[in-house]
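2 protein chains.
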Amino acid sequence: MDAIKAIMERVSTRKFSDRHITDEELRIILDAAMAGPSATNARPFSFIVVRDKEMLGKMADANMKYSEPLRGADVGILVCGDLERAYAAAPDFWVVDGTIAAQNMILAAHALGIGSCWLGTWPVEERVENHKKLFDLPENIIPHSLIAFGFPEGEFRKQKDRYEEDRVHFEKW
Amino acid sequence: MDAIKAIMERVSTRKFSDRHITDEELRIILDAAMAGPSATNARPFSFIVVRDKEMLGKMADANMKYSEPLRGADVGILVCGDLERAYAAAPDFWVVDGTIAAQNMILAAHALGIGSCWLGTWPVEERVENHKKLFDLPENIIPHSLIAFGFPEGEFRKQKDRYEEDRVHFEKW
Chain A
1 MDAIKAIMER
11 VSTRKFSDRH
21 ITDEELRIIL
31 DAAMAGPSAT
41 NARPFSFIVV
51 RDKEMLGKMA
61 DANMKYSEPL
71 RGADVGILVC
81 GDLERAYAAA
91 PDFWVVDGTI
101 AAQNMILAAH
111 ALGIGSCWLG
121 TWPVEERVEN
131 HKKLFDLPEN
141 IIPHSLIAFG
151 FPEGEFRKQK
161 DRYEEDRVHF
171 EKW
Chain B
1 MDAIKAIMER
11 VSTRKFSDRH
21 ITDEELRIIL
31 DAAMAGPSAT
41 NARPFSFIVV
51 RDKEMLGKMA
61 DANMKYSEPL
71 RGADVGILVC
81 GDLERAYAAA
91 PDFWVVDGTI
101 AAQNMILAAH
111 ALGIGSCWLG
121 TWPVEERVEN
131 HKKLFDLPEN
141 IIPHSLIAFG
151 FPEGEFRKQK
161 DRYEEDRVHF
171 EKW
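The listed protein sequences correspond, in order, to chains A and B.
Its first residue numbered 1, the first sequence is counted upward by one per residue in this note's numbering.
Its first residue numbered 1, the second sequence is counted upward by one per residue in this note's numbering.
Hints should not be assumed to be uniformly reliable.
No copy labels: a pair is met if it fits in one copy or bridges any two.
[Claimed, not checked] Cut-off 16 Å, straight-line C-alpha distance, at most; resulting in silico cross-link-like pairs (EDC-like, lysine to aspartate or glutamate):
(1) Lys5 <-> Asp31
(2) Lys158 <-> Glu9
(3) Lys172 <-> Glu54
(4) Lys160 <-> Glu171
(5) Lys172 <-> Glu125
(6) Lys172 <-> Asp52
(7) Lys58 <-> Glu171
(8) Lys58 <-> Glu68
(9) Lys53 <-> Asp18
(10) Lys58 <-> Glu126
(11) Lys53 <-> Glu171
(12) Lys172 <-> Asp136
(13) Lys133 <-> Asp61
(14) Lys133 <-> Glu171
(15) Lys132 <-> Glu171
(16) Lys5 <-> Glu25
Derived from the structure by calculation, the hints contain no laboratory data.
Predicted, not measured: the structure shown is a model, and the values here were computed from it.
Next up, chain A with everything else stripped away, as it sits in the complex (with noise of 0.2 Å):
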């Protein structure tokens, strides 16, 4: 898929069908997952990919309202940051470089013709902290975001365009 069309056209899904990610599908939304920059090139992030349901139910319990759609997904991927690999001189890049990451998953995902959910989890404490009691997760570790990916149900549902005028200043504020 052209990747403008991708980027232009990604919608969240929330109803999956049974069709299976493949190894390989999954693969690709990984590499993609690492493909991105980081501040300083640091790398700040690891990755929790499951596919057992019960642990899916667990981890949209663990991360509250809105994530429902996970229960129904094929996979889920919690994304982490890493402190220990974080830039040391500014370690909350590692937000940034999580999302970046998150991001280019689900739009290899949707380029695939799979569909995603983003359920936030990091700045809720709550959810980071359910996250981090659910993995056992080592003191380094932070839950960034949770991914739900599935096939749809169907069709994509249609993008509308989202350019906003008044959100772009040109030369000044």
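Following the hints, complete the assembly by docking chain B onto the known chain A.
Just chain B now, with coordinates in the frame of chain A:
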């Protein structure tokens, strides 16, 4: 350009040619910026688009370390968060949402043959404050990232395979 190819081949470009980005190309980049998801669809972002060379120099000064590529760029875009539009229950999602916008721009640019260099701003407080002063920004507008855009001198350099097995955990940490 194919979407997976754009994601995998994107590189940071630090030397730009004299070729100008057209207004049509710039519009595609800005369309992409606003096409991503955001927490609760709050879309808490704005963009300052600069072509003026003197201003690009001032923005490079404001953004400090590693920001030299902006001086040779054709266009610089300062991505900003907008706290007035942010999801009230967890406003720090603005950092995630601004990052998605920036990464979408970088990928769209690459697909058009346009290079970019992501110059980190937030969370470095001094850079944030410098841009606020330079653009005399309202209180609710927070500088997030500065992206330098331009056609590369010659070809894009080749990207490496960036997958790292030890970053991926299946089913459990």
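Task: Those earlier numbered hints the structure runs against, lowest number first - done: Violated hints (numbers, rising): 4, 5; every other hint is consistent with the structure.
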